[in-house]
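Engineer: Construct the complete structure from the given sequences, taking the supplied hints into account.
Sequence order for the protein chains is S and A. My numbering applies: residue 162 is where the first sequence begins, and numbers increase by one. My numbering applies: residue 162 is where the second sequence begins, and numbers increase by one.
Rather than coming from a laboratory, the hints here were simulated on the basis of the structure. Don't take each hint at face value.
[As the list claims (entries may be wrong)] SDA-like, lysine to any residue: derived pairs with alpha carbons at most 20 Å apart:
(1) Lys274/A with Glu265/S
(2) Lys274/A with Tyr372/S
(3) Lys266/S with Leu182/A
(4) Lys289/S with Leu182/A
(5) Lys274/S with Gln284/A
(6) Lys266/A with Glu283/S
(7) Lys198/S with Gly369/S
(8) Lys289/S with Tyr179/A
(9) Lys266/S with Asp270/A
(10) Lys274/A with Glu283/S
(11) Lys330/S with Met162/A
(12) Lys197/A with Glu265/A
(13) Lys289/S with Met162/A
(14) Lys266/A with His269/S
(15) Lys266/S with Ala229/A
(16) Lys195/S with Tyr372/S
Keep in mind it's a predicted model, so treat the numbers as computed, not measured.
2 protein chains.
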Amino acid sequence: MRIATLLSGGKDSLYATYISLQYGWDVLYGVAIKPKKLSWMFHTENIHLINHIAKNVGLPLIEKETDANKEDELDDLKSALKNLAIEGIVSGAIASEYQRTRIEKICHDLGIKSFTPLWHKEQGMLLKEMIEAGFRMVIVAVAAEGLGEEWLGREINKDCFDELLRIHKKYGINISGEGGEYETFVIDCPLYKKRIEIKKATKIWEKGRGYLKIEKIL
Amino acid sequence: MRIATLLSGGKDSLYATYISLQYGWDVLYGVAIKPKKLSWMFHTENIHLINHIAKNVGLPLIEKETDANKEDELDDLKSALKNLAIEGIVSGAIASEYQRTRIEKICHDLGIKSFTPLWHKEQGMLLKEMIEAGFRMVIVAVAAEGLGEEWLGREINKDCFDELLRIHKKYGINISGEGGEYETFVIDCPLYKKRIEIKKATKIWEKGRGYLKIEKIL
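Structural biologist: Written out as structure tokens, the structure is:
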């Protein structure tokens, strides 16, 4: 199965890629859609680092900018995929029907398959599985009650997992951030040739939501 | 995720069930469709033992007989599912578009999800994974060049895997039997409370295809 994988630099897209390799698939390309503003479909935080990540994973990167208007961004994804010699694409969708059905529509039009290996896995179990598989993930955006400024830049290790579990129980957030409660950036995982070190980052905080802009990595 | 799982007693349906539990899903029911003749959709070999298997796994079994005419059998599956308090169903489809798209259509009509955790996994890798997970599978039907009468009743262990690999290379059969080259019956796996012992079985052979009818188990 010759596939491309939708990459954002966040945990879900990289973990879905990792699972795909364990399925015995040939992952031929990373595909990154770079939204110019907040998008319904695509992860925006630190997407400027995606070239570095694709290189670190050893995947040729197909990139496409998008204005991120609701329908245009789907056309942009479609045009990024249409000339690739692939049989399917993999995405890290966990629970969003919006993401999944739209990706399926594009795949249907292109005559390829859509694979979502994380789809509806129990989210706490999934996050734990990632930690145990050697994924090191830093929180780079928060937008939920219970997740204040102090969460920006924090690594999701076992201690952090326990705290997320408490916040999940208190406020009802999805423990793996699937509802947009938080976004991540993977600094290390079994796919990487080299661990990423964040050398400079700035916290941007406004009205209950925040973003960690990573400015320099090594 | 509250789900039912399509059970046949063959390796793919049981392995898909096993994976579902690892995803953290609540597997509430087994569903068995019992075709009165060879079916496009459903496994027929030794389906009379499915009650024993469901009990061995500890799942309440929803059973439905079908005349196995092409459209009726889909209606029969739909009616078996429609009153269950579930959010989705799991099936062991690996490569059959016919199976997968028809199950998806039924799920769409019922407003539930269709999960196919084995879908397009590399078949040799998948079969090896099953053996390593402790699945003991006996070949109960063969219908392919290179698979003669001597294959009926044989257990797929590591030696057998190597032979299947040779036959795969020589004749191009799918190594996990996905094209109907062979069918299996699981005598042990991590889901079973008790290993199944085949006490009496009869080989039925005609014109290049054969079937092992299991008559007594313990």
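Engineer: Now tell me if each hint is right for this structure.
Structural biologist: Against the structure, the hints come out as follows:
Only pairs whose Cα atoms come within 20 Å are accepted, and Lys274/A paired with Glu265/S is accepted, the gap being roughly 14 Å. A distance of roughly 34 Å separates the Cα atoms of Lys274/A and Tyr372/S; the hinted pair therefore is violated under the 20 Å criterion. As the CA atoms of Lys266/S and Leu182/A are separated by approximately 29 Å, the hinted pair breaks the 20 Å bound. The hinted pair formed by Lys289/S and Leu182/A meets the criterion: a straight-line CA distance of about 15 Å does not exceed 20 Å.
The hinted pair formed by Lys274/S and Gln284/A meets the criterion: a straight-line CA distance of about 17 Å does not exceed 20 Å. Simply put, Lys266/A and Glu283/S have alpha-carbon atoms about 25 Å apart, too far for the 20 Å limit, and the pair is violated. The hinted pair formed by Lys198/S and Gly369/S meets the criterion: a straight-line CA distance of about 19 Å does not exceed 20 Å. The hinted pair formed by Lys289/S and Tyr179/A meets the criterion: a straight-line CA distance of about 19 Å does not exceed 20 Å.
Distance hint between Lys266/S and Asp270/A is fulfilled; the C-alpha atoms sit about 18 Å from each other, no more than 20 Å. Using a Cα cut-off of 20 Å, the hinted pair Lys274/A and Glu283/S holds, with the two alpha carbons roughly 15 Å apart. A distance of roughly 18 Å separates the Cα atoms of Lys330/S and Met162/A; the hinted pair therefore holds under the 20 Å criterion. With a C-alpha separation of about 23 Å, the suggested pair Lys197/A and Glu265/A falls outside the 20 Å cut-off, and the hint is violated.
Between Lys289/S and Met162/A the alpha-carbon distance is near 18 Å, which keeps this suggested pair within the 20 Å criterion. The straight-line distance between the Cα atoms of Lys266/A and His269/S is roughly 15 Å, inside the 20 Å bound, and the hint therefore holds. Of the pairs offered as hints, the one joining Lys266/S and Ala229/A is violated, with about 31 Å between alpha carbons and a cut-off of 20 Å exceeded. Taken as a hint, the Lys195/S and Tyr372/S pair is honoured in the structure, with Cα atoms around 17 Å apart against an allowance of 20 Å.
In summary, the numbered hints that this structure violates are 2, 3, 6, 12, 15.
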